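Engineer: As given, the protein sequences belong to chains Z and S, one line each in that order. At position 2 of the first sequence the residue is numbered 2 (my numbering), and the sequence of numbers has no breaks. At position 348 of the second sequence the residue is numbered 1348 (my numbering), and the sequence of numbers has no breaks.
Just so you know, the hints here were simulated from the structure itself, not pulled from any lab data. These numbers come from a predicted model, not from an experiment. A couple of the hints might just be wrong.
What the hints assert, rightly or not - Computed list of lysine to aspartate or glutamate pairs in DMTMM-like fashion (alpha-carbon distance at most 25 Å, straight line):
1) S:Lys1283 <-> Z:Asp35
2) Z:Lys49 <-> Z:Asp13
3) S:Lys1173 <-> S:Asp1299
4) S:Lys1364 <-> Z:Glu53
5) S:Lys1378 <-> Z:Asp9
6) S:Lys1283 <-> Z:Asp31
7) S:Lys1031 <-> S:Asp1139
8) S:Lys1146 <-> Z:Asp48
9) S:Lys1283 <-> Z:Glu78
10) S:Lys1313 <-> S:Asp1139
11) S:Lys1366 <-> Z:Asp60
12) Z:Lys4 <-> Z:Asp27
Claimed, not checked - To list a few chain Z residues with every Cβ distance to chain S over 10 Å, as calculated:
13) Asp9
14) Ala22
15) Thr39
16) Phe50
17) Ile52
18) Gln63
19) Ser65
20) Ser66
21) Lys69
22) Ala71
23) Gly75
24) Glu76
Each residue gets a CB set at the ideal place from its N, CA and C atoms; glycine is no exception.
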Amino acid sequence: MDVKTEIIDILKDVTGLDNVGADPDEDLFADGILDSMATVEVLVTLQDKFDIEVPVSEFDRSQWSSVNKIADRVGELEN
Amino acid sequence: MHNITPYTSPTYFIYLLLFLLPIMIGLFYGKRFRVYETFATLVILVITFFGGNMSQGFSLIAYVLVEMIIVLGYLRYKRSPNGKNNFWVFFWAVILAIIPLAIVKIDPLMNNATISLFAFMGISYMTFKSVEMIMEIRDGAIKEIKPWEFLRFLLFFPTITSGPIDRFRRFQKDVLNVPSRDEYIELLKSGTNKLMLGLLYKFIIGYVFGTLLLPKVSLLALSYRDQAPLGISWALLAYMYVYSMYLFFDFAGYSLFAVAISNFMGVKTPMNFNRPFQSVNIKDFWNRWHMTLSFWFRDFIYMRLMFFMMKKKLIKSRITMANIGYVALFLIMGFWHGETWFYIVYGIFHATAMITNDAWLRFKKKHRQSIPSNKFTKCLAIFITFNVVCFSFLIFSGFLNTLWFS
């Protein structure tokens, strides 16, 4: 399974919405899909799944606001 | 000469623009006059804190030195080759950084003039900045702070007394950079617009609500207080709306000044308000009202608490966890406003509103088909949110304390 599919699965689990990630550039914060709580849940799950460290300080919303962007960040942090 | 509170008198604006002029000319020609910026900052700080009673100024110096030792000391610990990321070192750095503010906040309860050693305008906002730096140092997001960078960030005079609360890394990006001519002209334009809007907000609309109307409705509400239980009257309702409007226009006006002056100096200080009275629910409201403060609380208290609880698996239910977070966040916010019953109740009220809102959103999600969503329901949502918010400001105003207990 590729990174994006896994991220979409995580987002679906956290938000309970089935159509998340249909558009990988959709702004997850502007459209109210993710709130602070859901964000933390996504971060914690990403940490466990990909074995990366995402400090909350590094969590600049504009950099994590869509499926594509999350995939980019995860890619960066994995290296 | 008295201390001049920033942005309250025409004199302040005249001094300010006079001192800013060389900086603005410099930026226009692609130069940052760093020595002059430092000089202007010093003069403006002296005018602000050393006029009349000098004790504010000395407190400011003592406070800044203490914070600098804590923040840079923590940075040094974090960077030392055998320095571990020990939780307790971090914990005590944060506690030490907050102690001066805590003393100032507890002071009114003690009625002891000698312990208000650290009282000066803006101590809260400088503490927010210091704590932010410590947290980001712990996360490894901030790797380097030079002493003068620390001072420049903490003592950035446009926002020194009441925010907006900027972040160190964002601020550094602006001050290390010289905007291009086009960018700077854009900044001048938007800064001028904000300055004008700020004048309208604070000195005209805010004045009408705060100085002309508020004392009248206040007297009226007090005169009716024996007519009904709890002093409830139409005048009290009027007080609620008038106070809410005053609070918004006064503070939004001030915030616009602070952002405008920052813009003139080539710094894009974040905005504090984004049409808060058009919020469709209370969560939306906190993303639009005093944004730099609520985002600070979100990022440095709420999210970290959630992260901690989730990682340690302290509580199973997500809902309970989120609710505990709201109560903690808004209680801390209440205590930060001041140690009186009405600020604490204000905090509890908002926590309750957030919890209720979350429950409603969950219910709505489950029954998406059967709940209508159209223009009318949106207006209704805005109307309800507006009134909930105004009621919370009535609590916040402390007027109920006057009405009921004095």
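Engineer: So, for every hint listed, does it hold in this structure?
Structural biologist: Evaluated hints:
1. Note on Lys1283 (chain S) and Asp35 (chain Z): the hinted pairing holds, with a Cα-Cα distance of about 9 Å set against a maximum of 25 Å.
2. Only pairs whose Cα atoms come within 25 Å are accepted, and Lys49 (chain Z) paired with Asp13 (chain Z) is accepted, the gap being roughly 14 Å.
3. Restraint check for Lys1173 (chain S) and Asp1299 (chain S): satisfied, since their Cα atoms lie roughly 20 Å apart, inside the 25 Å limit.
4. For a cut-off of 25 Å, the pair hint linking Lys1364 (chain S) to Glu53 (chain Z) is broken: about 35 Å separates their Cα positions.
5. Proposed proximity of Lys1378 (chain S) and Asp9 (chain Z) is contradicted: the alpha carbons are some 31 Å apart, above 25 Å.
6. Under the criterion of a C-alpha separation no larger than 25 Å, the hint pairing Lys1283 (chain S) with Asp31 (chain Z) is consistent with the structure, at around 13 Å.
7. A hinted pair counts as satisfied when its Cα atoms are at most 25 Å apart, and Lys1031 (chain S) with Asp1139 (chain S) does not qualify at roughly 34 Å.
8. Of the pairs offered as hints, the one joining Lys1146 (chain S) and Asp48 (chain Z) is violated, with about 35 Å between alpha carbons and a cut-off of 25 Å exceeded.
9. For the hint linking Lys1283 (chain S) to Glu78 (chain Z), the alpha-carbon distance of about 33 Å lies beyond 25 Å, and the restraint is violated.
10. Only pairs whose Cα atoms come within 25 Å are accepted, and Lys1313 (chain S) paired with Asp1139 (chain S) is accepted, the gap being roughly 21 Å.
11. Annotation: proposed proximity of Lys1366 (chain S) to Asp60 (chain Z) is violated, straight-line Cα distance about 31 Å (limit 25 Å).
12. Annotation: proposed proximity of Lys4 (chain Z) to Asp27 (chain Z) holds, straight-line Cα distance about 15 Å (limit 25 Å).
13. Remark: the non-interface label on Asp9 (chain Z) is consistent with the geometry, its nearest Cβ contact in chain S lying 17 Å away (cut-off 10 Å).
14. No Cβ of chain S comes within 10 Å of the Cβ of Ala22 (chain Z); the nearest lies about 17 Å off, and the non-interface call holds.
15. With a least beta-carbon separation of about 7 Å from chain S, Thr39 (chain Z) fails to lie farther than 10 Å from that chain, contradicting its non-interface assignment.
16. Every CB of chain S is more than 10 Å from the CB of Phe50 (chain Z) (nearest about 15 Å), matching its label as outside the interface.
17. The Cβ of Ile52 (chain Z) sits about 13 Å from the closest Cβ of chain S, beyond the 10 Å cut-off, so the non-interface label holds.
18. Against chain S, the non-interface label of Gln63 (chain Z) holds: every CB pair exceeds 10 Å, the least being about 12 Å.
19. No beta-carbon of chain S comes within 10 Å of the beta-carbon of Ser65 (chain Z); the shortest separation is about 14 Å.
20. No beta-carbon of chain S is positioned within 10 Å of the beta-carbon of Ser66 (chain Z); the least distance is around 18 Å.
21. Every C-beta of chain S lies more than 10 Å from that of Lys69 (chain Z), the closest at about 18 Å, which supports listing it as non-interface.
22. Against the 10 Å criterion, Ala71 (chain Z) stays outside the reach of chain S, whose nearest CB is about 21 Å from its own CB.
23. Residue placement check: Gly75 (chain Z) keeps its beta carbon more than 10 Å from all beta carbons of chain S (closest about 19 Å).
24. No Cβ of chain S comes within 10 Å of the Cβ of Glu76 (chain Z); the nearest lies about 14 Å off, and the non-interface call holds.
Of the numbered hints stated above, those contradicted by the structure are hints 4, 5, 7, 8, 9, 11, 15, listed in ascending order.
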